[in-house]
Amino acid sequence: MRFNPGFFLKEALKNIRLNLLMSVTAVTTTFVCILVLGTAILVSGHIEGIIGSVRQDVSVEAFFAPDATQERIDEARREVEGYPEVSEVTYISQAQALADFKDTFRDNPEIYQDLGSDVLPASLAIQIEDPSDAEAVAGKLKSAGFSEENLSYPQQTIERLNSVTSYMIWGLRAATALFLISSILLISMTIRLSIFARRQEIEVMKLVGASDGFVRTPFVFEGLLQGLVGATFAALLVVWFNYLFVDWAGTALPFWPISSSAVNAFFVVVVLVAVGAVIGVLGSFLSVTRFLRV
Amino acid sequence: MIRFDNVTKLYGRDTVALERVNLEINPGEFVFLVGASGSGKSTLVRLILKEIEPSRGAIYVKDTRLSSIPRRHIPRLRRDIGCVFQDFKLLPNKTAAENVGYAMEVTGQKRRAIRTKVPQILDLVGLSEMMDKYPRELSGGEQQRVSVARAFVSQPRILIADEPTGNLDPETSVGIMNLLERINRIGTTVLVATHDRDMVDAMRKRVVALENGRVVRDMVKGAYADEV
Ligand SMILES: Nc1ncnc2c1ncn2[C@@H]1O[C@H](COP(=O)(O)OP(=O)(O)OP(=O)(O)O)[C@@H](O)[C@H]1O
Ligand SMILES: [Mg+2]
Numbered sequence: 001m002r003f004n005p006g007f008f009l010k011e012a013l014k015n016i017r018l019n020l021l022m023s024v025t026a027v028t029t030t031f032v033c034i035l036v037l038g039t040a041i042l043v044s045g046h047i048e049g050i051i052g053s054v055r056q057d058v059s060v061e062a063f064f065a066p067d068a069t070q071e072r073i074d075e076a077r078r079e080v081e082g083y084p085e086v087s088e089v090t091y092i093s094q095a096q097a098l099a100d101f102k103d104t105f106r107d108n109p110e111i112y113q114d115l116g117s118d119v120l121p122a123s124l125a126i127q128i129e130d131p132s133d134a135e136a137v138a139g140k141l142k143s144a145g146f147s148e149e150n151l152s153y154p155q156q157t158i159e160r161l162n163s164v165t166s167y168m169i170w171g172l173r174a175a176t177a178l179f180l181i182s183s184i185l186l187i188s189m190t191i192r193l194s195i196f197a198r199r200q201e202i203e204v205m206k207l208v209g210a211s212d213g214f215v216r217t218p219f220v221f222e223g224l225l226q227g228l229v230g231a232t233f234a235a236l237l238v239v240w241f242n243y244l245f246v247d248w249a250g251t252a253l254p255f256w257p258i259s260s261s262a263v264n265a266f267f268v269v270v271v272l273v274a275v276g277a278v279i280g281v282l283g284s285f286l287s288v289t290r291f292l293r294v
Numbered sequence: 295m296i297r298f299d300n301v302t303k304l305y306g307r308d309t310v311a312l313e314r315v316n317l318e319i320n321p322g323e324f325v326f327l328v329g330a331s332g333s334g335k336s337t338l339v340r341l342i343l344k345e346i347e348p349s350r351g352a353i354y355v356k357d358t359r360l361s362s363i364p365r366r367h368i369p370r371l372r373r374d375i376g377c378v379f380q381d382f383k384l385l386p387n388k389t390a391a392e393n394v395g396y397a398m399e400v401t402g403q404k405r406r407a408i409r410t411k412v413p414q415i416l417d418l419v420g421l422s423e424m425m426d427k428y429p430r431e432l433s434g435g436e437q438q439r440v441s442v443a444r445a446f447v448s449q450p451r452i453l454i455a456d457e458p459t460g461n462l463d464p465e466t467s468v469g470i471m472n473l474l475e476r477i478n479r480i481g482t483t484v485l486v487a488t489h490d491r492d493m494v495d496a497m498r499k500r501v502v503a504l505e506n507g508r509v510v511r512d513m514v515k516g517a518y519a520d521e522v
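Sequence order for the protein chains is A and X.
Per the working numbering, the very first residue in the first sequence carries number 1; after that it's consecutive.
Per the working numbering, the very first residue in the second sequence carries number 295; after that it's consecutive.
You may find that some hints are simply not true.
What the hints assert, rightly or not - In silico contact screen, one side only, chain A against chain X (beta carbon under 8 angstroms); selected entries: (1) 15; (2) 18; (3) 138; (4) 197; (5) 201; (6) 204; (7) 207; (8) 208; (9) 211; (10) 214; (11) 294.
For the record, the hints were derived by calculation from the structure and aren't laboratory data.
This structure is a prediction, so every number in the text was calculated from the model and none was measured.
Think of the CB as a built atom: it goes at the ideal place given N, C-alpha and C, for glycine as much as any other residue.
Model the full assembly from the supplied sequences, consistent with the hints where possible.
Structure below.
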C-alpha cells in the first residue's frame with residue numbers, strides 16, 4: 001500500500017469537521033486533563049523547590065580550641081573542603097564571631113560589653129549537600145581531631161526534616177502520577193466513545209477491501225491532532241500560570257524561597273504536549289483496532 | 295470461481311441459516327440466487343466475503359479455501375470481489391463520488407485515475423448529477439446505485455449484488471440489470487441475490503433457489519419459480 005500522508009491528513013481534517021461535536025469533546029477533555037496534570041507538576045515543582053532550599057540550610061559547625069594555631073585552622077579547613085558531601089565551607093574567625101554576636105544583640109549592648117575578642121571560638125560553618133550526610137561528616141570531623149563538644153550539628157532535626165520531606169516529595173510524585181493515569185484513562189475513554197460511534201463506518205471500509213492500516217491511519221492522525229491542540233493550549237496556560245505565580249510570590253511572599261527556576265517551563269511544555277499527543281495517538285490506535293476484526 | 299462444499303451456517307446455537315449447501319459457480323457465469331425472505335441469501339454472500347465463518351464445510355474462492363486465508367490477506371480477497379450490499383453500506387461522511395472513489399483508493403490507485411473513472415461510472419448508473427451529495431441526501435434507489443457503482447468501479451473478477459434492484463422502479467431496475475449483464479459479458483463472474491421475479495424470468499440465466507437454507511433448485515436458463 002502506498003503511504004500518502006497528505007491523503008490521510010486530509011481525511012483526518014475532514015472527519016474532524018464532520019464529527020465536530022465529538023472532536024470538540026475530545027479536545028476539551030484533553031485540554032482539561034492536561035491542565036490539571038500541568039498544575040500538579042507545577043505545584044509539586046515549587047514545593048520541591050522550597051523543600052530543597054530548606055534542606056540546603058542544614059549545616060554543621062566545628063569549633064576550634066581557643067589555642068588553635070593558624071596552621072591547624074588552615075589544615076582543618078583544607079581537609080573539610082575535600083569531603084565529597086560538603087558543598088561550602090566558611091571560616092569564621094574569633095573577631096568575626098564576636099562581630100556576628102554583637103550584631104545579633106545590637107539592641108542589648110550590655111550583654112557583650114565585657115566580652116574580650118578571644119572569648120568566642122573560631123569555627124568552620126560547613127554546608128552539606130544532602131542533610132542525611134550530616135552525621136557522616138560529623139564522624140569525619142571527629143577523626144580529624146574535633147571533639148564531640150566542639151561540634152554542633154542538629155542531627156535529630158536533620159533526620160526528621162529528611163524523612164518528612166522525602167514523604168512529601170513521594171506524595172507529590174504519587175499525586176502527579178495519579179493525575180497522569182486518570183488523564184490517560186479519561187482521554188482514551190473519550191476517544192473510544194467517538195470511535196465507537198463510527199464502528200459501522202470502520203466495518204464498511206473493511207468490507208470494501210481496505211487494509212487495517214488504511215482504515216486506521218486517518219483515525220490516528222485525528223487523535224494526534226486532537227491531542228496536540230488540547231495539550232498545547234493547556235501547556236501554554238500552565239506556563240502562563242507559573243509566570244503569574246512566581247511574579248506574585250516575589251512581592252506577596254518575599255521570604256519564601258519560590259523561584260522561577262524551580263519549574264523548567266520549556267520542559268513542562270514539552271512533557272505536557274508529548275503526553276497529549278501520545279495519548280491521542282495510542283488511544284485512537286487501540287480503539288480502532290478493536291473494530292477492525294471484520 | 296466460487297465453490298461451496300457442504301456448507302452449514304448456524305447463528306448462535308439453533309438458528310440454521312444455511313444447511314449443507316453445495317454450489318459451484320464457474321468463471322464468467324451469471325447466477326441468480328432466489329428465495330423467500332430469511333432463506334439465507336445474504337448469509338451466503340457474507341460467507342463469500344469472509345465477513346462470517348461457516349459452521350461446517352468449506353468455501354473456495356478462486357481455488358483458495360477461505361479458512362486458510364490469514365486475517366491480513368482478507369482485504370486482498372475483498373478487492374477481488376465487488377459487492378452491492380442489501381443495506382448499501384455507504385460511508386455517511388463521504389459524498390457519492392468519494393464513496394465510489396474509496397473502493398479505488400483502498401487498492402492504491404492513482405488520484406488521477408480515480409478522478410477520471412468515478413464520474414464515468416456514476417454516469418453509467420445515472421447519477422452524474424448527484425456526485426457531490428452525501429448518502430443522507432440521496433433517495434434509497436440513488437444510494438443503491440452508488441453502491442452498485444462502488445462495487446464494480448475497480449473492475450473486480452467477481453461481482454456480487456444482494457438485492458441490487460430492491461428499491462428501484464422497473465425502468466431503473468432494467469437499466470441496472472443490463473449493466474450487470476454488460477459487466478458479465480466482459481468476463482466478470484456475477485452473482486445476484488434477488489426477489490425480483492420478473493427480472494429473473496426475463497433474463498433466462500442460471501437460477502439457484504434457496505429454501506430455509508437449503509438449495510432446492512439449480513437450473514441453467516431457469517425461472518424464479520418452477521415452470522408449471
Ligand atoms: N446476525 C444474525 N444473527 C442471528 N440470526 C441471523 C443473523 N443474520 C441472519 N440471521 C437469520 O438467518 C436467516 C437467514 O438470513 P439471511 O439474511 O441470510 O436471509 P435472506 O435470504 O438474505 O433474507 P432477505 O431476503 O430478507 O434479505 C434468517 O432466519 C435470519 O433471521
Ligand atoms: Mg438478505
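### Task
Answer holds if the nearest beta-carbon of chain X is closer than 8 angstroms to that of residue 214 of chain A; otherwise answer violated.
holds, 6 angstroms
### Message
Can you verify the interface hint for residue 204 of chain A: is its Cβ closer than 8 angstroms to any Cβ in chain X?
### Response
holds, 5 angstroms
### Query
Taking the least C-beta to C-beta distance, is residue 18 of chain A closer than 8 angstroms to chain X?
holds, 5 angstroms
#### Entry: Restraint outcome when residue 197 of chain A is required to lie within 8 angstroms of chain X by C-beta distance
violated, 11 angstroms
#### Entry: Hint check: 8 angstroms Cβ-Cβ cutoff, residue 208 of chain A to chain X
Holds, because the Cβ-Cβ distance from residue 208 of chain A to chain X comes to roughly 5 angstroms (cut-off 8 angstroms).
### Task
Using Cβ atoms only, decide whether residue 138 of chain A comes closer than 8 angstroms to chain X, and label the hint accordingly.
Residue 138 of chain A check fails; min Cβ-Cβ to chain X is 69 angstroms, beyond 8 angstroms.
### Hinted contact residue 294 of chain A with chain X - closest CB pair below 8 angstroms
Check passed: Cβ of residue 294 of chain A comes within 6 angstroms of chain X, closer than 8 angstroms.
### Message
Tell me if the interface restraint on residue 211 of chain A is satisfied: Cβ within less than 8 angstroms of some Cβ in chain X.
### Response
This hint holds: residue 211 of chain A lies near chain X, its Cβ roughly 4 angstroms from the closest one there, short of 8 angstroms.
### Message
Tell me if the interface restraint on residue 207 of chain A is satisfied: Cβ within less than 8 angstroms of some Cβ in chain X.
### Response
Because about 6 angstroms separates residue 207 of chain A from the closest Cβ in chain X, which is inside the 8 angstroms limit, the hint holds.
### Query
Taking 8 angstroms as the limit, does the beta-carbon of residue 15 of chain A come near enough to a beta-carbon in chain X?
Interface hint status for residue 15 of chain A: holds (6 angstroms vs cutoff 8 angstroms).
### Message
residue 201 of chain A was flagged as interface toward chain X. Is the shortest Cβ-Cβ separation under 8 angstroms?
### Response
holds, 6 angstroms
In summary, the numbered hints that this structure violates are 3, 4.
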